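Trainee: Below, each chain spelled out in residue letters.
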Amino acid sequence: MIGAVWRQHRGQALLAVIAVLALCLLTFIYGLSAEHWMTGYSRWLGQLSAAGCPPPDAHSGVFHVRSAATCSALKDRYPGGLQPSFGDRFHAAILLSQYGLTIAFALIGSLIGAPLVAREIEQRSHLAAWTQSVSRRRWYVTKTVALASGLMVLGLVAGLANGWLQRRLVSGDITSSRWSWFSSIDLALAGEALLAFALGVALGAFLRRTLPALGASLAVFTLLLLGARWAVLALTPTSSGSASTAPPGSWILDPGTASAVAYHPASQYAALQTVLLLVLIVVAGAVLLSGWRATRDGAV
Amino acid sequence: MRAALRCRDLAHRYGRDVWGLRDCDLDVPAGRVVALVGPNGSGKTTLMNMAAGLLPATTGSIEVVGDTPQARLDRIGFVAQDAPLWPRMRVGDVLEIGRCMNPRFDAQMASDRIERLGIRPRSRIDALSGGERAQVALTLVLAKKPELFLLDEPMANLDPLARREFLGSMFEACSGTGATVLYSSHAVAELERACDYLIVLRGGHVRLVGDIDDLRMQHRVIRGPVGWLDRGGWDVVSEQTMAGQTTALVRRDDTLTLGPGLQDASPTFDELVIGYLVDGGTARPQEVFA
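Heads up: the sequence lines are chains A and B, in that order.
Be aware that the first sequence starts at 1, since it is given in our numbering, and climbs by one per residue.
Be aware that the second sequence starts at 1, since it is given in our numbering, and climbs by one per residue.
Keep in mind the hints are simulated off the structure, nothing from the lab.
The structure displayed is predicted, hence computed values, not measured ones.
A virtual CB, placed ideally from N, CA and C, is assigned to each residue, including glycine.
The reader is advised that the hints may include incorrect statements.
[Said to hold, decoys possible] Okay, the calculated beta carbon distance ranges per label pair:
#1 87/A with 92/B: 51 to 57 Å
#2 214/B with 137/A: 39 to 45 Å
#3 29/A with 104/B: 51 to 57 Å
#4 29/A with 112/B: 51 to 57 Å
#5 141/A with 266/B: 54 to 60 Å
#6 107/A with 123/B: 27 to 33 Å
#7 236/A with 56/B: 40 to 46 Å
#8 192/B with 14/A: 48 to 54 Å
#9 15/A with 66/B: 41 to 47 Å
Please construct the entire structure, taking both the sequences and the accompanying hints into account.
Mentor: In structure tokens form, the structure reads like this:
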């Protein structure tokens, strides 16, 4: 049966692998470029201090400027200092890293999931597929498990690549926190790819048409992901303390009063992301189960 | 005798109140070539789909080669109306899928047959003619070595020449295996040569079932001047009046004598089938003959 899945889906699989590798290549290029940019920036800082110019973030102080002309020439190379000029230069990379990959995996998952049952029904090939010696249940289970596993592997690869890029991007001081990447690096993309795929399959089985299933699964995916993300961050136990004692890198959920805030310390990041992955797997499993019911009970 | 297909009180309902098939009792003996005839919407496809395990029985039971269709999927060779396959796939890949999904699949036989038919394994299904696609679908089914072929109008969209060609090779291939063939169509004439068993469906009910020779023995076609039917005690299946003559398909009854001016003959296959397909007559839904 697995051979049949391969025959039918190898084209899709190849396209998905190419798309994900292209995205990984893009994150790699952006990461190297960010490293390169940071090297240039440190060299510039060195040049500034060698020339006795004030550093970009200095507002006041006493500086022994040797040549005012050199300072004003150097100053314009990174206008506004580290954060504004890095942000300006890597705007696209940050968008890609924080949202782009999630959107890409929502699309890839739905594009592979939605036709799985719906396209078969549309082109009536389900009549051939379901009358081979393999039961309809085994057909459904083998297909969904094989494709979902492949998608999760791709999601994991892209998540790790994006995690690598993220560490280069935060060096640009755009944010001190990884929490902005909570649903787009490391384990998150694997869960999202699975959820989008499951929704595509199940809605395809319900609606029996590929395109409406694709649209519906993208919409439901957005709602479920936002819901799962909120639930994982807001409903899990938090630490509390005053705003000033929260360790750096914490994510402050509820600003409360200055003396008592609820936060997730940075050390909980990996645990919470694992919880997010598990929640997405459970939701996707339930969705696939209802997709099976629709596949089993739907008229032929 | 082992029944290739056995239905007891079988019915399928679409939605709330549309019955695709009702009160269906059938025993199709193994090894027969069965013509399943009926107008559109008579329940042919419903019966085929139920026998192929694609549709559940709403009431009653259906058995294929001694077990439920779902448990006997490997013994069923099903070709649906217009022989649908995966349009974007290559012929070779379709056969490969067959090999992966059927334990007893004869891959050698399948590729030989495709080659003999002059179909290139590299061709995409949607680039084939309707006849070639039907042949690929039939090959996929033949290589599975089923005990019951369910062929649901596989050539509904073929031109007459392609139909003739396909029909010949299909019956040759299927009956060569000793398997039972259930072939549905509303084109009656082309079934006569190949089939030896008949099932007529109408309005979701089985109207007639049995060995074709027996059925022809059990019926007569009687023709005479208008009004002759009023005198008789004939059990009329259907009647037609044209140009002052009334022709009726009746159940044979040797106790009745033919009146003057009446001619009678054994019904042809067409007369038998058409007689049970048209409305009218005093005929009730028939009990099983065989």
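Trainee: Taking the hints in turn, state whether each one holds.
Mentor: Hints, one by one, checked against the model:
1. At about 54 Å, the beta-carbon gap between residue 87/A and residue 92/B stays in the expected band of 51 to 57 Å.
2. Restraint check, residue 214/B to residue 137/A: a C-beta distance of roughly 42 Å satisfies the suggested window 39 to 45 Å.
3. With their beta carbons about 53 Å apart, residue 29/A and residue 104/B fall inside the hinted range of 51 to 57 Å.
4. Residue 29/A and residue 112/B have their C-beta atoms about 52 Å apart, which keeps the hinted 51 to 57 Å range intact.
5. At roughly 56 Å, the beta carbons of residue 141/A and residue 266/B sit within the given window of 54 to 60 Å.
6. For the hinted restraint 27 to 33 Å between residue 107/A and residue 123/B, the CB-CB distance of approximately 32 Å keeps it satisfied.
7. Between residue 236/A and residue 56/B the CB atoms are about 44 Å apart, so this pair conforms to the stated range of 40 to 46 Å.
8. Separation of residue 192/B from residue 14/A is about 51 Å and conforms to the stated range, judged on CB atoms against 48 to 54 Å.
9. At roughly 45 Å, the beta carbons of residue 15/A and residue 66/B sit within the given window of 41 to 47 Å.
Taken one by one, the earlier hints all hold for this structure without exception.
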